[in-house]
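Chemist: Here is how the chains run, residue by residue.
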Amino acid sequence: MSFFSLDLRKAVVLIAVVAIPLLTVNEPRNPEESHWALKPFAFALGSLQSLYSGFSSGVRGTTSLYLDLIDIKLVNQQLLKENAELRAQLGTLTELKLENERLNSLLGFKQKSQMELLAAKVVGEDLLPDQKTLIINRGSRHGVKSHMAAITVGGVVGYVFRTSPYTSQILLLTDRYAVIDSIVQRSRARGLVEGSDKDLCKLRYLKRGDDVRVGDLVVTSGLDNIFPKGFPVANVKNVLKSQYGLSQEVELKPVVSPQTLEEVFIVLNANQENFEQPEETLELDPVDHHQKQIKEAPTESLLMPPSGVES
Amino acid sequence: MRIKGLLIGNYLIFLGFLALFVAFQSSVWFQVLGSLPAPQMWIPVFVFWCIYREPHESVIMTYALTALVSTQTSLTFAIFLSINVCIFASVWLIKQRFYWSGSGFYILMSGLSTLIFFILHLLFSLLLEDNPLTRPDWFSWALSPLLTMFFALIFYHVFFLFDRITAKEVPRETSGGGF
Numbered sequence: 001m002s003f004f005s006l007d008l009r010k011a012v013v014l015i016a017v018v019a020i021p022l023l024t025v026n027e028p029r030n031p032e033e034s035h036w037a038l039k040p041f042a043f044a045l046g047s048l049q050s051l052y053s054g055f056s057s058g059v060r061g062t063t064s065l066y067l068d069l070i071d072i073k074l075v076n077q078q079l080l081k082e083n084a085e086l087r088a089q090l091g092t093l094t095e096l097k098l099e100n101e102r103l104n105s106l107l108g109f110k111q112k113s114q115m116e117l118l119a120a121k122v123v124g125e126d127l128l129p130d131q132k133t134l135i136i137n138r139g140s141r142h143g144v145k146s147h148m149a150a151i152t153v154g155g156v157v158g159y160v161f162r163t164s165p166y167t168s169q170i171l172l173l174t175d176r177y178a179v180i181d182s183i184v185q186r187s188r189a190r191g192l193v194e195g196s197d198k199d200l201c202k203l204r205y206l207k208r209g210d211d212v213r214v215g216d217l218v219v220t221s222g223l224d225n226i227f228p229k230g231f232p233v234a235n236v237k238n239v240l241k242s243q244y245g246l247s248q249e250v251e252l253k254p255v256v257s258p259q260t261l262e263e264v265f266i267v268l269n270a271n272q273e274n275f276e277q278p279e280e281t282l283e284l285d286p287v288d289h290h291q292k293q294i295k296e297a298p299t300e301s302l303l304m305p306p307s308g309v310e311s
Numbered sequence: 312m313r314i315k316g317l318l319i320g321n322y323l324i325f326l327g328f329l330a331l332f333v334a335f336q337s338s339v340w341f342q343v344l345g346s347l348p349a350p351q352m353w354i355p356v357f358v359f360w361c362i363y364r365e366p367h368e369s370v371i372m373t374y375a376l377t378a379l380v381s382t383q384t385s386l387t388f389a390i391f392l393s394i395n396v397c398i399f400a401s402v403w404l405i406k407q408r409f410y411w412s413g414s415g416f417y418i419l420m421s422g423l424s425t426l427i428f429f430i431l432h433l434l435f436s437l438l439l440e441d442n443p444l445t446r447p448d449w450f451s452w453a454l455s456p457l458l459t460m461f462f463a464l465i466f467y468h469v470f471f472l473f474d475r476i477t478a479k480e481v482p483r484e485t486s487g488g489g490f
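Residue numbers (this note's numbering), protein chains in the order written: chain A, 1 to 311; chain B, 312 to 490.
These are computed hints drawn from the structure, not numbers from a lab. Don't take every hint at face value.
Derived list of chain A stretches under chain B, where covered just means 3 residues or more per stretch with a C-beta under 8 Å from a C-beta of chain B [stated by the list, open to error]:
{"#": "1", "segment": "118-127"}
{"#": "2", "segment": "187-197"}
{"#": "3", "segment": "239-247"}
All of these numbers come straight from a predicted model, not from anything done at the bench. We put the CB at the ideal spot given by N, CA and C, even for glycine.
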């Protein structure tokens, strides 16, 4: 083969390979738009990249979700534990708050009253279910004697019927053996409050003609000087008048619920305390210091609303 | 001399146990569980002495137990003693007719004695008192005997332990007609 005999096919290919780049170099450049020849390639590769991108983001998302869930679970357990501890603390603090309010109320009552009072805590109750007594942690060594009144801020609880050196037993006014001399505050009708059952008592020995209505307040008469005069005992719940008879039977609901009592006062000396309204105040005697004190609205100032008191 | 000492020791152990659980019932149960009816924890002690002692010993325990327990209730001593004597008689009569060894009879009698006590209390109150019991606490009447039986199950083994410690012999058991 001579030097000048060329393969035509090979020559064309050579020229194309050399010429095309030289031609493209001279074409005007427009970077915003790709060359028409490259668009198919760009489209295919772009689609593939989108596919890969979606796949990898899905994998990343799932992985991070799994890792987050582990963290969330740990944080949740910790928060639940903290929540439980805080709830327990809240319960304790609420109890302390209520106790504080109750004791403040008792202290205020004791300070404002001219009676000699001994505070006592309820530590037990009667052994038998049909007897209603409470046991307190004050006894004869603290000055408690039999038949001393037991009261709380809102009303009468009962009276002491048995003492020992360090404890005493209080007969609740709902006990069948309890008897308290009382009057109806509105009409001044006088009778004896006797215990009936767990929650109720009765006002007995009222005359048939005595004016008693449902809702009336029954207070202590104060004649025995065991209870202060005019101290709330119970509210009239029902009035029963038989067709014949000299008396009427009145059902009462005590103002103090014995089931909720935690502290009581023992009246060591009533000192002629009078909880009646101002118009009942005695004539002024310049010599008697107590009678000089005119109590304005004594009921509201001394009887603060405690817990366990039913209006 | 030693036998007498052991006998007195046996009496004192039971009285001490009685005092402990009477105080528990009136104080701890009330403070922890409030108004939930309490088991009559003195009745299992009483019933044990009615079943597993000679009659004269049972009567002594009836009086001693009444004296101790009556300090924790407003029920009058006379009525309380009368009721307890009736319970002793009931337990003794039932034991003569129906008895089987083991804790079953004792537990059953403890529950039954609790119920008998409440019923007799109502009857004595209606007969003897000016202001009688007219509205009993029915829920207590229902629950208290069951709780008493539960505690009797535990006390049964404790009481026999006391008897073993103090070498107290249980009277020869009388077998009744059975069921």
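Chemist: Count the residues of the segment 118-127 of chain A whose CB lies closer than 8 Å to any CB of chain B, then report whether that count reaches three.
Modeler: Satisfied; 5 residues make the cut.
Chemist: At a Cβ distance under 8 Å, does chain B reach at least three residues of the segment 239-247 of chain A?
Modeler: violated (count 0)
Chemist: Against chain B, does the segment 187-197 of chain A show at least 3 residues with beta-carbon separation below 8 Å?
Modeler: Satisfied; 4 residues make the cut.
Violation of the numbered hints given earlier is confined to hint 3; every other hint is satisfied by the structure.
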